[in-house]
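**Q** Using the sequences plus the hints, can you model the full thing?
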Amino acid sequence: MSLRQAGETTMAVEIKPAGRRGNIARMATLREAGLIAIILALCIAMSFASPHFLTWGNLRAMMMSFSIEGIVVVGMTILLIVGGIDLSVGSVVCFSMVVSGALFLSGLDPWTASLIGIAASALIGAVMGFFVTVVGLNHFITSLAAMVIVRGMCLVVTKGTPLSLFTLPPEFKALGQGSFRDIPYVILIFVMVVAIFDFLLRRATAFRKVFYTGSNEKAAQYSGIKTSHVKFWVTVLCSTLAGLAGVIYMARFGAATPTFGAGMELNIIAAAVIGGASLNGGSGTIFGAILGMALLSVVTSSLILLDVSVYWQDMIKGCILLAAVSIDHFLHSRKF
Amino acid sequence: MTEAPILEIRNLTKTFGPVLALSEVKFELFRGEIHALCGENGAGKSTLMNMIAGLLQPDDGEIVVDGQRVSIASPAAAQSLGIALVHQEIALCQDATVAENIYMAAINRRRMPLMNYQKLYCDAQRVMDLLAPIPVRTRVADLSISNQQLVEIAKALTLDCKVLMLDEPTAALTESEARRLFAIVRGLKQRGISIVYISHRMAEIFSLCDRITIFRDGRYVATDPIEAVSPDDVVRKMVGREITQLYPDKLLPQEKPGRAILCVEGLADGKRFADVDIEVREGEILGVGGLIGAGRSEIAQTICGIRAAVAGTIALNGSPLNIRHYRDAVDAGLVYLSEDRKGSGLFLDMPIAANIAALDLGRLTGRLGLLDRRAEAQQASCLTRRLGVRMAGVEAAVSTLSGGNQQKVAIAKQLSISPKVIIMDEPTRGIDVGAKVEIHRLLRQLASQGVGIIVISSELPELIGLCDRVMVVREGKIAGELGADELSEEAIILLASGVQQTSTQQEEAKNVA
Ligand SMILES: Nc1ncnc2c1ncn2[C@@H]1O[C@H](COP(=O)(O)OP(=O)(O)OP(=O)(O)O)[C@@H](O)[C@H]1O
Ligand SMILES: [Mg+2]
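Line by line, the protein sequences give chains P and B. Read the first sequence against my numbering and you will find it ends at 336, with the numbers running on by one and no gaps. Read the second sequence against my numbering and you will find it ends at 513, with the numbers running on by one and no gaps.
If you are wondering where the hints come from, they were derived from the structure by calculation, not from laboratory data. Small disclaimer: the values here were computed from a predicted structure and weren't measured. Heads up, a few of these hints could be off.
Claimed, not checked - Keeping only pairs whose Cα atoms sit at most 30 Å apart, straight-line, the calculated DSBU-like set for lysine-lysine is:
#	chain 1	residue 1	chain 2	residue 2
1	B	237	P	218
2	B	26	B	271
3	P	218	B	271
4	P	226	B	420
5	P	218	B	477
**A** Next comes the structure, spelled out in structure tokens:
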């Protein structure tokens with residue numbers, strides 16, 4: 001290694017100026033740039049295939065379609081970084097929706113009802129967090145059980161039939177349907193959530209602990225980090241964001257369906273993984289995960305515009321996931 | 001030696017991105033010789049071993065085995081050429097049993113669909129017993145790091161190989177295990193097996209090896225028969241300068257150590273040890289010796305709150321501490337350097353700067369709870385410079401560093417909070433001679449500034465050369481304490497093992513020293 005010339009004393013090592021972006025940061029930006037390139041290429045190709053594709057209307061619809069899920073992706077990404085996973089997000093989105101809806105129907109004003117719905121979601125996160133950190137189960141099993149239990153709770157609350165919420169006041173519905181100068185509130189909320197958490201994840205001390213814990217839990221403990229606290233709070237955060245998404249869905253649809261969100265978790269985990277979150281923990285970015293979400297959404301939208309049968313769509317999306325993860329694996333194993 | 005070498009490396013070059021790890025090095029290994037490979041941390045020793053074992057591919061140059069030029073594409077290819085490597089970093093399946101790990105290669109090659117566990121355990125135990133009586137049905141994850149190292153060695157012994165490469169096999173071992181290993185290695189040599197032996201312990205190299213090759217900065221320096229060189233020559237060639245004083249001056253007898261900094265009384269964890277009293281006084285370095293499994297690390301971890309105590313009091317500078325979690329200890333200024341840097345010391349995938357900052361993020365946190373990245377980088381470059389870490393920059397991942405340099409980062413992490421008491425478990429594990437001198441000097445300097453220092457070490461010369469007082473632990477009890485004037489290898493071994501040694505063993509201990 002040529003950092004040091006022979007003959008110098010041991011302690012004198014030339015150090016490159018600190019603060020430059022290192023290998024890891026470069027790898028991450030490389031992946032994000034790649035995703036952006038693929039998304040752009042797809043968009044351009046699609047604009048030739050279908051004149052409707054690159055219209056503001058279609059782009060807005062596409063953004064709308066992934067904005068609310070995008071809020072859930074944020075929480076999932078952070079949870080993946082800490083080394084966890086949450087299969088219950090789809091159920092929790094629905095739970096927040098039906099709890100808020102039922103409370104509204106029972107006479108509460110919709111804002112308070114929503115806050116309670118979100119709090120109830122956070123509570124589910126706390127219960128899962130308890131089982132993970134105190135009882136010592138893993139995230140996969142705990143959230144798998146929660147997925148089923150919470151879905152059951154949705155059915156109990158609604159007695160199995162959708163709640164019709166057309167009486168929701170317009171100023172609440174605006175949350176999901178209205179827009180600020182042609183930009184839907186949904187998209188604004190989404191962008192805000194992403195911006196805040198992306199910033200925090202990169203800069204905040206509290207979130208740095210998430211990376212430490214996910215990278216090597218034992219080493220984190222040997223650094224005085226209370227890893228069970230970190231895991232607990234991240235689990236709660238993920239469920240809370242799912243709850244927030246549920247409330248926005250309610251405002252958007254003006255209804256609360258007890259079967260809503262089934263299978264959503266797979267889409268969300270796929271997006272985060274395409275965007276670079278590792279299932280082993282320790283790495284991932286929110287920006288990347290959102291790009292992953294955008295890619296999936298562009299593909300879905302293209303398939304619809306191209307009139308590809310619904311039966312094919314899942315298969316194609318699955319293949320994209322496989323390809324993305326394989327490329328990633330290849331890039332990583334090459335590093336050694 | 002006129003016969004053709006069994007393994008020959010010609011002009012081998014290896015780069016990692018911009019880092020030139022090896023530059024046109026050569027190396028020759030004859031049948032039945034024990035060949036030492038020496039060099040500073042980051043000189044490229046492990047990189048060369050990894051290429052011979054098929055884990056890495058050279059950029060340029062030739063590997064010649066038995067006169068045939070070969071390209072070794074994978075570890076399996078190396079195995080079929082009769083080449084085995086004991087890694088510097090432990091690479092065992094943590095969830096499998098010791099026996100399954102030992103016979104991993106054989107199990108992998110096995111054609112039969114079912115396993116004969118009875119035979120597997122039986123065979124594995126026989127191999128294991130050559131080194132240490134570790135029960136082979138235990139899960140590897142439940143073993144201490146030094147026992148894992150022994151398993152790693154046992155694993156290599158089962159391979160039917162012509163060339164055995166040992167990359168710092170004794171770094172985590174105590175004298176007695178090391179001695180067993182040497183006996184085995186000599187036996188292998190007798191059977192005509194060639195051995196490459198990497199170590200930073202000069203005494204071992206001189207008692208065990210036939211020839212020595214030295215690398216510096218990724219370049220080949222020299223190969224000599226061991227009789228033709230002295231330890232000083234070797235060090236000079238490795239480091240490129242003279243090292244005059246291996247250990248810093250101790251406290252003089254008239255300089256009494258000051259007041260007690262750390263006071264531990266009646267500590268017990270209910271399982272591994274009981275009734276432990278420790279006192280560290282200002283200005284002194286306290287050593288802790290003992291055999292592997294004696295409970296040294298457990299005691300240290302319990303003091304720091306990493307493991308739970310059932311009895312005992314801890315006082316820092318006279319005031320009692322209530323430590324329930326390691327966080328409390330760190331906040332009070334009490335830190336512990338783990339002996340297992342890969343498992344619990346470092347975040348391998350994360351940048352060097354982030355690793356060093358991990359102990360106390362609070363110091364680097366500005367307003368609004370945001371991390372001050374610039375302060376983090378500055379702290380890292382300051383400490384890495386002080387410890388002489390060779391790296392591409394503080395944002396490089398720790399996994400790109402050589403073993404010894406990783407260890408320096410682990411030490412830098414402990415120093416980052418300006419601790420009041422440091423408990424170091426094998427602080428110089430895998431660190432080269434030159435850097436070791438610097439680290440010892442640093443510890444002495446810290447001690448004289450009033451930092452309490454406890455050094456747990458399996459390396460007797462280190463305990464004797466560095467410490468003012470050595471406490472020996474045997475089977476979870478403090479077996480005794482030796483003052484500066486009573487320190488000797490025999491005295492420590494005697495306390496550690498609790499039995500009178502035979503004279504031949506004492507002889508051997510002297511030779512090793
Ligand atoms: N994967 C990698 N990526 C980048 N650089 C690497 C990588 N592996 C090794 N290096 C660099 O190559 C050089 C040689 O490393 P190597 O591990 O061979 O040293 P070593 O002689 O075994 O040192 P030690 O005594 O500390 O174990 C070091 O400077 C190290 O930083
Ligand atoms: Mg090495």
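**Q** Check the structure against each numbered hint from earlier and tell me which ones fail, lowest number first.
**A** 1 and 2
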